[in-house]
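Participant: The listed protein sequences derive, respectively, from chains A and B. In terms of the numbering used here, the first sequence has 259 at position 257, counting the first letter as 1, and numbering is strictly consecutive. In terms of the numbering used here, the second sequence has 51 at position 53, counting the first letter as 1, and numbering is strictly consecutive.
What the hints contain is simulated information worked out from the structure, not anything from laboratory work. Every residue gets a Cβ at the ideal spot worked out from N, C-alpha and C, and that includes glycine. Any given hint could be a false lead.
[Said to hold, decoys possible] Listed next, the stretches of chain A that the computed footprint assigns to chain B, with coverage defined by at least 3 CB atoms under 8 Å from CB atoms of chain B:
hint, region
1, 41 to 55
2, 68 to 74
3, 218 to 229
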Amino acid sequence: MSTEAVRQPAELKFADELARLAQDDQEQGGAKPPGWKLTARAVRSFVIGDEPLGVERKFYGDDPLVDRAIVTLMGRQGLMLVGEPGTAKSMLSELLAAAISGNSNLTIQGTAATTEDHVRYSWNYALLLAEGPTERSIVPSPIYQAMVSGRIARFEEITRAAPEIQDTMVSLLSEKHLMVPEFGADARIAARSGFNVIATANLRDRGVNEMSAALKRRFNFETVHPLADPQFEVELVARQLEAELGPDLRSVKFDREVLDLLVTVFRDLRTGTTKEGTVIKRPEAVMSTAEAVGVAVSAALEARYLGDAVVTPGRIADRMLGVALKDNQEDAARLRFYADTVIRERARHDRRWKAFLTATRTWR
Amino acid sequence: MTNAPSLAGRAGAGRPFPGRLARAFDLVDGLSEVGVWFAPVRHHSPACARAVGAAIDELAPAAVLIEGPAEYDHLIPALLDQGTVPPVAILSQHPSAEGTTSSLYPLADFSPEWMALRRGAAAGSRLAFIDRDWDRSEFASDAAVRLSGERHYHVSAALTALAAREHCRDADELWEHLFELRPPGGPWADLFRDALAWGALPRLEQPVEALIAEGSIDREAAMARHIAAWRQRTEGALVVVTGAFHTIALVEVLATELGVGWDRPVHLDALPATPRAGAPARRPGPPEPGAIPEAPTPGATSKIVCLGPGAVPGPPEPSPTSDTGPRGPGATHQADPSGPGAMPEAPATGASLMIGPSGPGAMPEAGSPRPGPALEAAAAEVAAIQERLRQRSPAPAERPSWLIRYDLTALNSLSGYGAGIRSPGYHQRLWDSQARGEQDPAAAGRQNAIDCLIAVAHQTQDSNHQISIAEVSAAAVHCARLAELRGHPYPSRLDLLDAALACFAKGDFDAVLRDGIGQVFGGNKLGQLPPGTAAPPIVAEARERARGLKLNIVDSTSRTVDLDLRRSASARRRSRFFWLMSYLDTGFATRLVGPDFLTGRALGRLRERWRYAWTPLVEASLIGLLEEGSSLEEAGRRRLARSLEENEAAAGGGSAAAVAQAVAQAALIGLHDEVWRYGAVLESVIDADSDVTSVLSAAWRLLGLMRAREVLDLTGIDRLADLITRLAPQLVYLLGGLHAVDASGEEAVVQALIGMVELTGRLGDPGVTALVDQALAGLRSDPDASAGPLGAAVALGVVQGSVPQDLLATRFAVAFAPGAALDFGPRFLNGVLQAAPDLLFHTAELFDAVDAAVRRLEPDDFLAVLPQLRRGFGRLRPFETARLAERVARDSGLPAASLTPVWTRLTSADLAFGQEVEVELRASLSRDCLAGWLDQAASGNAGLDRGRAPGNEGGVDEYPGLGEDAEPRGNCKPGEDSARGRGETP
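Please put together the full structure from these sequences, using the hints given.
Facilitator: What follows is the structure in structure tokens.
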């Protein structure tokens, strides 16, 4: 893959770190779970960082959850990561797959259009007609490939797939076999050591397709929560902003105070409670850290290429409407209420909030 | 996280400990050379308990000194009694003007203090508590205080940072990782050294002012005084078991006082002279003439100068022994200034106060001209403690204290106990299994993990979240792997909880699982005391009252008693005691049947039946009440006040209903003075309460109390009547504002109107009656009044005789007249039928008007108003509906049977089916933990069926006002049969 790719998979992006961890494993002589590229501890270090080895922390907030996730993947149960949108579930799933299997690309994206073929296998029909059902004519799904190679497969947004498609996973996870009747009555693909599944589900999508009890039993659930510490969230947004923009950021004046304001607004709206403790109306829109980063990036790019290279509170307010709040009239009303009450009060004592309030006129 | 943890190796990740801490380790060594061995502990830490036991076994000390108020010494024999089985606690009470406060000193099997007592006794050591007497002024709240809070550990930045680096979620997990998971049998000195550092890290963050303000410095001075006294009068080793947070300061001040451990002691003579024992103590004063001038030290509150090296070199002189000093442990309790209260033979002025840049806290930079901040903090702390040491010690307290049974649940830090331990149930299981010694500690830990998981699964057995054997075994594997990943020799408490969370909760950590885990990890072990142990006053009071009422409490057998409330004064006294005990949630008594004066159910019943049993849990609950008051009545008072506050907070301000409930509750539990106190409160909130249902409900409650006055032995009935009379104008005023409500709010307003009229009838106060009549007249003449209230007001006027019957028909015809809003007439009719349905049969004009109006409706209009009409006619009872149908049929020339609905013919099969459904419904309610509804329904049936007043329908309040014996149609004139309560069976 070329280095100009917009986004690299974790195993390429952090190839150096993975190599160092593998070497450390070799030196320490730790036992690797069957089929894994690294020891469990090295996988953990890859996710939550290891200063002496120069491995940076990639997932913040809940180290015990990472432990539990790794241990789950060592066992027979699959791992189900659930949580509000934007809580880094997919990132965690990618990091775990990259560290355990060296490949995070065996991924199915759950959608309303996901079919059983996407989960099991389909056929190259030209070859199927020419040769009949053979190893050459079968088109294996990511799960099929993961079973054959003993790797981690990922099923993103599993609750967006129809229940009967989700339930295809039940037998795969309990039997760890995939029947291929086209090859003969008893033909089956047996999963090799190292195979497991990480699924993610969005709590907001639970109503779309509820999971069956049978499928739930095949997974251990881990709920990924938004970050609890506001200061840390500011820090994280700053870091991600840097990672997203790179050199662009250096030519923009983006004060910490403005970032602080952005995170405060997002936290207020996400939790439905202001930092002063007042309960406010919560918008439907996802107000996760990832969205906050999106707003910050968008405001910074606008300042850099279309403005005076200064990110002001007003610019943040401008960008929030399009980037975070999408097209929802009720949300706009909630936002206006928030601006008219909470922000107006803060604006009395603080010029930054005043600037923000002035710009919220565009929310009307 | 990795194995073989050591705090020393972690606090600085290769960097040395802060200088003050490094110095403290040297001082600990120095003090051990003079036989003072410090055992810094965390309260209720099994690891520390084991280390204390090992240290005592090895050192065989002459005395074991334990952090805990010295006033508890007299309980040591009871604590050592073989019949005493933890968890137990020492309880003391502190009466003051603001009320009595209780303090508790709990001990579990795995508490280091318990271990110190038991092993110390086994080793033949003398035992003593050395903390100062508990001081109420330290605590602002009046809740019970459990001694030895550990909040510092939870707010320490150093420990939080260390926890984050070790990937632990908080200081508690860090503690378990670093201390509890050490293999038992390791060197106790290492553990104490690390525990000292653990306690010191948060301490280094505290300014001396904060330590003084929270009382730590005072307590440390008291402990230092006792330790020094013991050192002087005792040969042989002393083991000092104190909370790790205090140990570093104790070490520093003791080393200073005993003159050990300092490389380069420096003379500080800016402090006042130490009084010799027996001599009057002096307060710190200006320096002696010729003393070195003072310079302020940052952070120090006392005037201390840290002098540079060489000011007065040389080691401190040994302290002379005083003849008048303390002579033995017995002296500990003397209020004699020459006893331990006075600083025992402190070194003479000029020889004792050794502190300097190389002293405690000094940053040991060679040649540094000024001490570092840690040094200055240490100097300030030592000086502050020493200043208190020089003062006359307070007289020993003469407060009562008792040994009581305690339970593990209360030890749980999650239950609000600051110094508690997380999951005491887990620790008790682990302690017991490791103490059995059947397998090595790690194997016992692994077995315990599996036992805990099975126990959790067992807890969920009868629920809708059953945990299967497969899930238990998956969780067992999961926790073993987590332990391996985290470098633990066996699954820790959190490994286990993590495994349960991952494997049992499928995205839904529901109440069943939470309770199951809570039961197993929280534990429920109840301690035991030897027979004859003196009991705290609240337990004694409850026992005494129960015996006085001739209730059998000799054993814990459950008994049932019937109380004839109207005939027997003693039955009423018993009833009030049962109600009080039940209100205080002691678990002593349960009411099976009888009138409920609080909710107004079943008021017609003459007798109450109670089931009661005096179990250990009752005693435990009573002890729990100590947090609320020292006597049953005081606890009842506080609880009343608290629940009133909560009710008012929920109601968003002064709520007449909430206060009236407090009045009723107070009457029920026999706190008659509170009845009048809350009565006065009620007077003050009446005018401010703008909620009509709240005011009406308050009035009903008071009326109920009036009628139950004999059963409740309430005197001063006139005051209650006055209160209701005060409520009436407010009710009238509020209803005045509700004339014009929208259709959806009409029903509630009509209910309130009916309730008000009903209340007036029952009250029989001419002034109130006139006021209400006037209000109804005002409503009838209000051109903006809504249809429903208007109909009700007219109907009520007819019932009362103040409105002629033909006027009702006229108003009705007007309501249905062309030009009126289509739904006005049906809503008017609704109001009439809600208030007085009988009028339809008794007033021929009304019937004809209704009949004509309905017949006149166009088909479309009829359909439009049909729902309203249905609602109105639906208020009729079946026999009334039948009468109405007959009459309509007659007028229409149809056979009556054609209009009378025939429901069905019921067969015995239907009956059997109905019974089956009922059995299933009961089972289903029981499964959903709603069996209580059935009991309520059973006990409340009579009252609900017959006693409900019209004013209480539609959610005004559940209070029916009167009992079965009451006339249910209070607003009717005698002999009339019109307005009445719903639900009354024909």
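Participant: Now look at each hint and say whether the structure bears it out.
Facilitator: Against the structure, the hints:
{"no.": "1", "hint": "41 to 55", "in the structure": "holds (count 4)"}
{"no.": "2", "hint": "68 to 74", "in the structure": "holds (count 5)"}
{"no.": "3", "hint": "218 to 229", "in the structure": "holds (count 7)"}
In this structure, every one of the numbered hints holds.
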